[in-house]
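Mind the numbering: the sequence shown is residues 1 to 242 in our numbering, read in order.
Please note that the accuracy of each hint is not assured.
[As the list claims (entries may be wrong)] Using 27 Å as the maximum straight-line C-alpha spacing, the simulated BS3-like pairs for lysine-lysine come out as follows: (1) 90 to 59; (2) 49 to 59; (3) 200 to 113; (4) 60 to 113; (5) 49 to 60.
[Said to hold, decoys possible] Each pair of labels, with its calculated beta carbon distance range: (6) 19 to 101: 21 to 31 Å; (7) 32 to 57: 22 to 32 Å; (8) 128 to 223: 14 to 24 Å; (9) 157 to 222: 16 to 26 Å; (10) 179 to 203: 41 to 51 Å.
If you are wondering where the hints come from, they were derived from the structure by calculation, not from laboratory data.
Just so it is clear, CB atoms sit at the ideal spot from N, CA and C, and this is done for glycine as well.
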Amino acid sequence: MLKNEQMDREVERLIAALNEDDADRIYQSLHPGIVTREEFDESYETIRKIWEKSYIHTKKLNAINTQKALGNTGNSHLCEAQYYVYTPDKFYTINISYLSDDNGEGVGGVYLKEGAEPMQISGSFTTASENSVLQWAILIHAALSYLLIIITIVDILRNRPRLFGLWLVVVLAFFSFLLQRAPNTYVSLGVNWFIMSSFKIYNNGSWVLIFAIPAGAVFYWCQRRRLLDRKSEQSNDSKKVP
Numbered sequence: 001m002l003k004n005e006q007m008d009r010e011v012e013r014l015i016a017a018l019n020e021d022d023a024d025r026i027y028q029s030l031h032p033g034i035v036t037r038e039e040f041d042e043s044y045e046t047i048r049k050i051w052e053k054s055y056i057h058t059k060k061l062n063a064i065n066t067q068k069a070l071g072n073t074g075n076s077h078l079c080e081a082q083y084y085v086y087t088p089d090k091f092y093t094i095n096i097s098y099l100s101d102d103n104g105e106g107v108g109g110v111y112l113k114e115g116a117e118p119m120q121i122s123g124s125f126t127t128a129s130e131n132s133v134l135q136w137a138i139l140i141h142a143a144l145s146y147l148l149i150i151i152t153i154v155d156i157l158r159n160r161p162r163l164f165g166l167w168l169v170v171v172l173a174f175f176s177f178l179l180q181r182a183p184n185t186y187v188s189l190g191v192n193w194f195i196m197s198s199f200k201i202y203n204n205g206s207w208v209l210i211f212a213i214p215a216g217a218v219f220y221w222c223q224r225r226r227l228l229d230r231k232s233e234q235s236n237d238s239k240k241v242p
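Start from the sequences, fold in the hints, and give me the full structure.
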């Protein structure tokens, strides 16, 4: 998970100021001279119409980028971050930057819009304490599936049956079932590579169930004896050739 304590503090200060409709506090946090007060007031009117006051929120750092510049005119450091912010009634995306140079330091810019990707609240190894018994069972199935694939690849490389290169591709195939509710229901069946079984639940009430069977690996083990017998026969025939 992405983490940046400085940008976390800046976005929390921004949210607190928005909740209080405190334009002065936001303006004072800006990098010196980056915008005039008139320019700021015009931009702030757009932001305040979007934000709905809420003292309960959850945030997630989605992306971060840092840039450093060294030059004859001075040094600068720019950090840009994108946050998803979730309140009980609204989801937001906040892009915020922080600039530090020879003229000072402060927020370089803020962009706020409604909407954000839903936040996963359970269904993965990173949400261990929130997972249900069913979610853990599916995750264990996923782990065992990939363990079977690893064992199968080792067996293929060790025994090298006919067309073993093709078999290395085949064993990576999964037969998958997908059931999604976000918010409409969607069902899909298919063959995929490198897919992982999971049952993920998100904070907007949507969920996605993926159940994948390592069909390629299972098929290999069903055919393994025949493949190795054929390899042995071909080896014996080659030894008989004068």
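Check whether the Cα positions of residue 49 and residue 60 lie no farther apart than 27 Å. 22 Å, holds
If I claimed the Cβ atoms of residue 32 and residue 57 lie 22 to 32 Å apart, would that claim hold in this structure? 29 Å, holds
Holds or violated: the 41 to 51 Å window for the beta-carbon distance between residue 179 and residue 203? 19 Å, violated
Taking 27 Å as the top limit, are the C-alpha atoms of residue 200 and residue 113 close enough? 26 Å, holds
Sort out whether residue 59 lies within 27 Å of residue 49, counting only the CA atoms. Since the Cα atoms of residue 49 and residue 59 sit roughly 20 Å apart, the hinted pair holds (cutoff 27 Å).
Please verify whether residue 90 and residue 59 have alpha carbons no more than 27 Å apart. 12 Å, holds
Does the Cβ-Cβ separation between residue 128 and residue 223 fall within 14 to 24 Å? 38 Å, violated
Residue 222 and residue 157 - C-beta distance against the hinted 16 to 26 Å: 19 Å, holds
Range hint 21 to 31 Å: satisfied by the CB atoms of residue 19 and residue 101? 30 Å, holds
Checking one constraint from the list: CA of residue 60 to CA of residue 113, max 27 Å. Satisfied? 15 Å, holds
Figure legend: structure checked against the earlier numbered hints; hints not met, in rising order: 8, 10.
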